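Protein chains: 2
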Amino acid sequence: MQDTHISLAHGNGGRLMRELITQLFAKHLQHPTLNTQLDATTLPWSASHLVITTDGFIVKPLEFAGGNIGSLAVHGTVNDLAVAGAKPLYLTLNVFIEEGLEIATLERVIISMAQAAQQAGVSIVAGDTKVVQRGEGGGLYLATTGVGVKIAPQTLDFSSIQAGDIILVSGAVGNHGIAVMLAREQFGLRGDLQSDSANVFPLTHALLPLTGLRFMRDPTRGGLATVAHEISQATGKTVILEQGNIPIHDAVQVVCDMLGYDPLYLACEGRVVAVVAKEQAEQALASWRALAQGEQAAIIGQVATGDARVILRTPLGGERLLEELEDDPLPRIC
Amino acid sequence: MQDTHISLAHGNGGRLMRELITQLFAKHLQHPTLNTQLDATTLPWSASHLVITTDGFIVKPLEFAGGNIGSLAVHGTVNDLAVAGAKPLYLTLNVFIEEGLEIATLERVIISMAQAAQQAGVSIVAGDTKVVQRGEGGGLYLATTGVGVKIAPQTLDFSSIQAGDIILVSGAVGNHGIAVMLAREQFGLRGDLQSDSANVFPLTHALLPLTGLRFMRDPTRGGLATVAHEISQATGKTVILEQGNIPIHDAVQVVCDMLGYDPLYLACEGRVVAVVAKEQAEQALASWRALAQGEQAAIIGQVATGDARVILRTPLGGERLLEELEDDPLPRIC
Numbered sequence: 001m002q003d004t005h006i007s008l009a010h011g012n013g014g015r016l017m018r019e020l021i022t023q024l025f026a027k028h029l030q031h032p033t034l035n036t037q038l039d040a041t042t043l044p045w046s047a048s049h050l051v052i053t054t055d056g057f058i059v060k061p062l063e064f065a066g067g068n069i070g071s072l073a074v075h076g077t078v079n080d081l082a083v084a085g086a087k088p089l090y091l092t093l094n095v096f097i098e099e100g101l102e103i104a105t106l107e108r109v110i111i112s113m114a115q116a117a118q119q120a121g122v123s124i125v126a127g128d129t130k131v132v133q134r135g136e137g138g139g140l141y142l143a144t145t146g147v148g149v150k151i152a153p154q155t156l157d158f159s160s161i162q163a164g165d166i167i168l169v170s171g172a173v174g175n176h177g178i179a180v181m182l183a184r185e186q187f188g189l190r191g192d193l194q195s196d197s198a199n200v201f202p203l204t205h206a207l208l209p210l211t212g213l214r215f216m217r218d219p220t221r222g223g224l225a226t227v228a229h230e231i232s233q234a235t236g237k238t239v240i241l242e243q244g245n246i247p248i249h250d251a252v253q254v255v256c257d258m259l260g261y262d263p264l265y266l267a268c269e270g271r272v273v274a275v276v277a278k279e280q281a282e283q284a285l286a287s288w289r290a291l292a293q294g295e296q297a298a299i300i301g302q303v304a305t306g307d308a309r310v311i312l313r314t315p316l317g318g319e320r321l322l323e324e325l326e327d328d329p330l331p332r333i334c
Numbered sequence: 001m002q003d004t005h006i007s008l009a010h011g012n013g014g015r016l017m018r019e020l021i022t023q024l025f026a027k028h029l030q031h032p033t034l035n036t037q038l039d040a041t042t043l044p045w046s047a048s049h050l051v052i053t054t055d056g057f058i059v060k061p062l063e064f065a066g067g068n069i070g071s072l073a074v075h076g077t078v079n080d081l082a083v084a085g086a087k088p089l090y091l092t093l094n095v096f097i098e099e100g101l102e103i104a105t106l107e108r109v110i111i112s113m114a115q116a117a118q119q120a121g122v123s124i125v126a127g128d129t130k131v132v133q134r135g136e137g138g139g140l141y142l143a144t145t146g147v148g149v150k151i152a153p154q155t156l157d158f159s160s161i162q163a164g165d166i167i168l169v170s171g172a173v174g175n176h177g178i179a180v181m182l183a184r185e186q187f188g189l190r191g192d193l194q195s196d197s198a199n200v201f202p203l204t205h206a207l208l209p210l211t212g213l214r215f216m217r218d219p220t221r222g223g224l225a226t227v228a229h230e231i232s233q234a235t236g237k238t239v240i241l242e243q244g245n246i247p248i249h250d251a252v253q254v255v256c257d258m259l260g261y262d263p264l265y266l267a268c269e270g271r272v273v274a275v276v277a278k279e280q281a282e283q284a285l286a287s288w289r290a291l292a293q294g295e296q297a298a299i300i301g302q303v304a305t306g307d308a309r310v311i312l313r314t315p316l317g318g319e320r321l322l323e324e325l326e327d328d329p330l331p332r333i334c
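Here the protein sequences come in this chain order: A and B.
Numbers 1 to 334, taken from the UniProt record's numbering, label the letters of the first sequence in order.
Numbers 1 to 334, taken from the UniProt record's numbering, label the letters of the second sequence in order.
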């Protein structure tokens, strides 16, 4: 491309927009079924159902250790399909670009997106680009919609959860939230902490042989505490989390202690929380630990009879109520 | 809802966000398959393929005569499926809200969206909401992704177009662009001109019995002139438009003459351009004119052998080259 920065004319439907689409988006995201000349894409389909989800991305800054808004926009949507027991197949992409964005930045984002999509085995099959005036739009917003096919034999729903079920997490929590916060440099902190942003399909797929698998969710906005509240509110049961069993990396804990954050409320973008029947919990844990992505998986709690509330048991045997998130400690992390 | 304006906390995944989703989005867009508690929605599917498209919406102002960003976000995506020969079935919705947006405005937009979806026979089956800081985001951006099933027996593609084919438009052009411009009040002009924003599926469906139907497109960004260029560039043939046959409402022409706009480059959001074999052109015209939406349909040109260019023939017999859009006369109209 001849230009170095995005102008409003890149969004007007004319020549510059056509060049942006062919020389940047189609170049990196090219797929046999992605015909940028057509209004809609026809895709083969053989299942008796489809699973669909959509997610928007406004992370600030656009790039952080371990990823950028492009890889995040693939992982976020692919992961929502994966935890629903689906195999992700197709993505569509919406791009809202602020006038003045450096085209080199946009290209890095698109390349990350292409790599993440390839790694996750999904094709980007349709897209749309809009350009907004300088000062509006925060650089770049993305939205992705994912389509997949359900491969889980279980009904994965809150209604499947029973008292006595065990709660597991596939890895350490809070890394994504802290990695984005460090990238903002507003506290003058630096670190080599990486976001956990990743495709979780290998993790969800590993649990599908378990007949006692009840429910899975990726703890993004609001973190692990919010997933615990969602389970508690939807089932009307008490969720008990064992604080000492929740994996948290030292670097995450140190930053949280310094700045007064609770890592249980920080977003992950490559973890899975699963609820499994008690008799299959160890098998679930072993399945996860056999994967590189699940080496630090842990049994972190249980669902118990009682009121809809979330209790955190401390290593010393104390108990405290874990409140529902009110004020977001770290907005714009996804 | 207790609040009157959107705050950042409406986007943080906690209690306020849950209330926004249940009391506003789910209330108006409720559908049996829209379970706002789950990460993804499973939908029944019986065809051997699916047709998918996505579109972003940044229209400014958010409301205009004849519609708002909500109805537009339904029509824009439904229409992309319709012109691809598909029957639209499902939509997903992404919402990017600026902190401070009046909730009453948001509710009007959502109600329009619900009405447009119901009228078009599509269900909104998944959604995501993000809130960005005041000063970013232009009030409200939307993105919709549409899924449908192809019902057209024809291959509707540029490659089907042949020299000698006839070009039709389903109604007057430029109304949407001018309606949005008047809503901006930047020129102090007023008028009762309405946007043509509408679901075009009845129009596209009416042409499907024609074996000679080659291609359809809705002339949105860049208008009729841009569709003519797309046909010309993709086929390598000359497109000839008959200026005197192109339906343009007087009010649109008057505003264009005053401000120096060319209505051929202005967006429509409820029109269809169709390319049809010469021997079926009159039949196509009759099919459209039999519909209230197509009363002003017209045969407006033809595809001819020759170089890839677009020629406008004036009523007096003159000819001029119609240039490809460079600078958008009216940005932010969709």
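Since the hints were derived computationally from the structure, they do not count as laboratory data.
Certain hints may be false.
[Said to hold, decoys possible] Pairs of lysine-lysine residues, derived as BS3-like cross-links and limited to a Cα-Cα distance of at most 27 angstroms, are as follows:
id: 1; chain 1: A; residue 1: Lys150; chain 2: A; residue 2: Lys60
id: 2; chain 1: B; residue 1: Lys87; chain 2: A; residue 2: Lys87
id: 3; chain 1: B; residue 1: Lys60; chain 2: B; residue 2: Lys150
id: 4; chain 1: A; residue 1: Lys60; chain 2: B; residue 2: Lys150
id: 5; chain 1: A; residue 1: Lys60; chain 2: A; residue 2: Lys27
id: 6; chain 1: B; residue 1: Lys87; chain 2: B; residue 2: Lys278
id: 7; chain 1: B; residue 1: Lys27; chain 2: B; residue 2: Lys60
id: 8; chain 1: B; residue 1: Lys27; chain 2: A; residue 2: Lys87
id: 9; chain 1: A; residue 1: Lys87; chain 2: A; residue 2: Lys150
id: 10; chain 1: A; residue 1: Lys60; chain 2: A; residue 2: Lys278
id: 11; chain 1: B; residue 1: Lys278; chain 2: A; residue 2: Lys150
id: 12; chain 1: B; residue 1: Lys87; chain 2: B; residue 2: Lys150
id: 13; chain 1: A; residue 1: Lys150; chain 2: B; residue 2: Lys60
id: 14; chain 1: A; residue 1: Lys150; chain 2: A; residue 2: Lys27
id: 15; chain 1: B; residue 1: Lys150; chain 2: B; residue 2: Lys278
[Claimed, not checked] So the derived list for chain B, only partly shown, Cβ under 8 angstroms to chain A, looks like this:
id: 16; residue: Gly222
id: 17; residue: Ala234
id: 18; residue: Gly236
[Said to hold, decoys possible] Facing chain A, from chain B, some residues (calculated, C-beta under 10 angstroms):
id: 19; residue: Gly137
id: 20; residue: Thr145
id: 21; residue: Gln233
As the structure is a prediction and not an experimental result, all values here were calculated from the model.
Ideal Cβ placement from N, Cα and C applies to all residues, glycine included.
Given hint B:Lys60 paired with A:Lys150 - CA-CA distance at most 27 angstroms: Given pair A:Lys150, B:Lys60 is violated - Cα atoms ~39 angstroms apart, limit 27 angstroms.
Given hint A:Lys60 paired with A:Lys150 - CA-CA distance at most 27 angstroms: Judged against 27 angstroms, a Cα distance of about 33 angstroms means the pair is violated.
Could you grab the alpha-carbon distance between B:Lys150 and B:Lys278 and see if it respects the 27 angstroms cut-off? The given pair, whose Cα atoms are some 24 angstroms apart, holds under the 27 angstroms limit.
Hint validity - B:Ala234 Cβ closer than 8 angstroms to any chain A Cβ: holds (6 angstroms)
For the pair we were handed, A:Lys60 and A:Lys27, check the Cα-Cα distance against 27 angstroms. With Cα atoms ~26 angstroms apart, A:Lys60 and A:Lys27 stay inside 27 angstroms; holds.
Go through the hint on B:Gly222 and say holds or violated, using the shortest Cβ distance to chain A against 8 angstroms. holds (3 angstroms)
27 angstroms Cα cutoff - pair A:Lys60, B:Lys150: violated (39 angstroms)
Is the straight-line distance between the alpha-carbon of B:Lys27 and that of A:Lys87 27 angstroms or less? violated (30 angstroms)
Has the given pair, B:Lys27 with B:Lys60, been kept, meaning a C-alpha gap of at most 27 angstroms? holds (26 angstroms)
May I ask you to test the interface hint for B:Gly236 with respect to chain A, counting a Cβ-Cβ separation under 8 angstroms as satisfied? violated (13 angstroms)
Restraint status (C-alpha distance of A:Lys150 to A:Lys27 at most 27 angstroms): Violated: A:Lys150 and A:Lys27 sit about 31 angstroms apart, past 27 angstroms.
Hint validity - B:Thr145 Cβ closer than 10 angstroms to any chain A Cβ: Holds - the Cβ of B:Thr145 comes within 10 angstroms of chain A, reaching about 4 angstroms at its closest.
Figure legend: structure checked against the earlier numbered hints; hints not met, in rising order: 1, 3, 4, 8, 10, 11, 13, 14, 18.
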